[in-house]
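**Student:** Chain by chain, the residues:
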Amino acid sequence: MSYRLVWRKAVNVVMLSLTGLCALTSLSVLFFILGYLIWKGGSHLSWSFLTHLPAPVGEEGGGMANAIVGSGKLLLIAALTGIPVGFLGGVYLAEFGGKTFSFLVRYTADLLNGVPSIVMGIFAYTIVVMPMGHFSALAGGLALGVMLIPIVVRSTEEFLRAVPITLREGALALGATKWRAVATVIVPAAFQGIATGMLLSLARVAGETAPLLFTSFSNQFWSSGFNQPTASLPVMIYTYAISPYDDWHRQAWAAGLLLLALVLMANVGARLLLSRRVATPR
Amino acid sequence: MATVMRDFNLLEEPLKEKPDLPKSPKEAVNPLEPKFRVSNLNVFYGATQALHNVSLEIPPNRITALIGPSGCGKTSFLRVLNRMHETVSTSRVEGQVLLGEQNILTMDVTQLRRRVGMVFQKSNPFPKSIFENVAYGLRVNGWHRKGTLHDAVEASLRRAALWEEVKDHLHKSAYALSGGQQQRLCIARALAIEPEVLLLDEPCSALDPIATAKIEELLFRLKEICTIVIVTHNMQQAARVSEFTGFFLLGKLIEFNKTAVIFKTPARKETEDYITGRFG
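Chains A and B, in that order, are what the protein sequence lines are.
The letter at position 78 of the first sequence is residue 78 when you use our numbering, and the numbering goes up by one with no holes.
For any residue, its number in our numbering is found by taking its place in the second sequence, counting from 1, and adding 1000.
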């Protein structure tokens, strides 16, 4: 065997192993994090953790019920504000948009998607917190909602574009207006995909911490309504993790495990929703 | 190889003579008022011209077949008749198309499509139930009475010769039907709003001979209630089902006449060549 041939074979083997190793690394990161969270926080994840308020400093026990509900509230506001805007924007891009304006919107959505989340926090702080004079769930929810918009716009657009042109023509040929065809044939045909995109985008922002730090802030107690500072899982994790108390550290791990589990469940649920074939739409 | 050469020759030498249209088609081919009067129709997609100066009168309650090789403009022509060409944003139309006395190019497009239905090459049932597919056209055209809606759906399915096959599972997904059934469902869907004209764009090209025969039989009966224009690649089909045939080549209408004349004694050399299979 010539030297050249040996060299080529060696490069081949090295590169194959290298790519394989990197693939394995990206795969194992998730399992490593999950395993570590279970090891550190699994024992603290109990019924009382889910149902009790945080205990005062120095007392053992307590839970994060308010943060779980708080995260739910924030996501609700985010969904109510970000999803309709993102969805209808995506419909416009896929179905009605002209060339130049669509390009502009699409490009802006991609840029908005890349805006660091802490900047979104500052934005919401300036727009909502400053005029209101205090932190609130509303401000945090809006910050997350703004983050949802570009993700939902693009996923809605993609799924609508995947609907075959023949369906559009079929509806139009029956005398339907463009909007009627979109609302009654095209959107329903893409609905599973669009809903999946929405769910994934919510899972994506559920773990955001930076935009909440100075919008919804945090709270050791229940907050009523949407007008008060509100606890949320990511901010609780942050607060507890940098505290000097061992018990709080363990609770931070447990909260991390809980948050990751919720996000994973949303992801898996979304995939299942998407993989189910359109069998018998009634 | 010879046929290929012929094709190239045709491309290089544009037709010199004007198509030999019947002098007065109204009297020559049909005693009744034509359904469509098309005069000097030019269709452009961006910079390319798909149709050149097509003039044609489509007789009512007859089946008119449009034949010609791929890319000859027959589908473009068909799509102008209910303005489906407008789904391509770069398209542009010149000339006049009258439906009865109305210029279709200036009338409300939803009104036009309500009167001129279309069935596509690939069956395209909506992802809804069989019932909802047929009811769709009625619903978008403002039909809300529930009881009569069911009757209208049944009537359309009967007319499309599909009722007996689907009457027990009207609320199942349309996707559960076979290809031929789906195409008949699309015909039923188009018939539900009682169009005056039914345009069919190669409706059988994806179907087996049995399903094709069913649809052809159906067309025969449908001409009682509407005018039918069918684009087909299949010359036997054109000969079997139609009373009038138009032959398109390179964006021009070469010849239009009674089907028997086109197939037995065509006036033009190109028509004869195409029909005898010498090119295309």
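Derived from the structure by calculation, the hints contain no laboratory data.
Please read these numbers as outputs of a predicted model, since none were measured by experiment.
Accuracy of the hints is not assured; some may be wrong.
Estimated spans, in silico, between C-beta atoms of each pair [unchecked claim]:
hint : chain 1 : residue 1 : chain 2 : residue 2 : range
1    : B       : Phe1044   : A       : Gly98     : 45 to 53 Å
2    : A       : Thr177    : B       : Glu1154   : 21 to 29 Å
3    : A       : Asn113    : B       : Lys1122   : 29 to 37 Å
4    : B       : Asn1053   : A       : Gly269    : 54 to 62 Å
Computed footprint of chain B on chain A, listed as stretches where at least three residues anywhere in the stretch have a Cβ under 8 Å from a Cβ of chain B [what the hints assert, rightly or not]:
hint : segment
5    : 30-42
6    : 69-77
7    : 172-180
In silico SDA-like links for lysine to any residue, alpha-carbon gap of 25 Å or less [to be verified]:
hint : chain 1 : residue 1 : chain 2 : residue 2
8    : B       : Lys1172   : A       : Lys40
9    : B       : Lys1122   : A       : Val163
10   : A       : Lys99     : B       : Lys1172
11   : B       : Lys1252   : B       : Ser1070
12   : A       : Lys178    : B       : Phe1044
13   : A       : Lys178    : B       : Lys1252
14   : B       : Lys1122   : A       : Lys40
15   : A       : Lys40     : A       : Ala241
16   : B       : Lys1122   : A       : Ala241
17   : A       : Lys178    : B       : Thr1087
All C-beta atoms, glycine included, are put in the ideal place defined by N, C-alpha and C.
**Student:** Hint by hint, note whether the structure agrees.
**Tutor:** For each hint, the structure was consulted:
1. B:Phe1044 <-> A:Gly98: 45 to 53 Å: 20 Å Cβ-Cβ, so the 45 to 53 Å window is violated.
2. A:Thr177 <-> B:Glu1154: 21 to 29 Å: Because 27 Å falls inside the window, the suggested range holds.
3. A:Asn113 <-> B:Lys1122: 29 to 37 Å: Since Asn113 of chain A and Lys1122 of chain B have Cβ atoms about 36 Å apart, the given range 29 to 37 Å holds.
4. B:Asn1053 <-> A:Gly269: 54 to 62 Å: holds (60 Å)
5. 30-42: violated (count 0)
6. 69-77: violated (count 0)
7. 172-180: holds (count 7)
8. B:Lys1172 <-> A:Lys40: violated (51 Å)
9. B:Lys1122 <-> A:Val163: holds (14 Å)
10. A:Lys99 <-> B:Lys1172: violated (39 Å)
11. B:Lys1252 <-> B:Ser1070: holds (13 Å)
12. A:Lys178 <-> B:Phe1044: holds (23 Å)
13. A:Lys178 <-> B:Lys1252: Roughly 32 Å separates the two Cα atoms, so the pair is violated.
14. B:Lys1122 <-> A:Lys40: Judged against 25 Å, a Cα distance of about 58 Å means the pair is violated.
15. A:Lys40 <-> A:Ala241: holds (12 Å)
16. B:Lys1122 <-> A:Ala241: violated (60 Å)
17. A:Lys178 <-> B:Thr1087: holds (10 Å)
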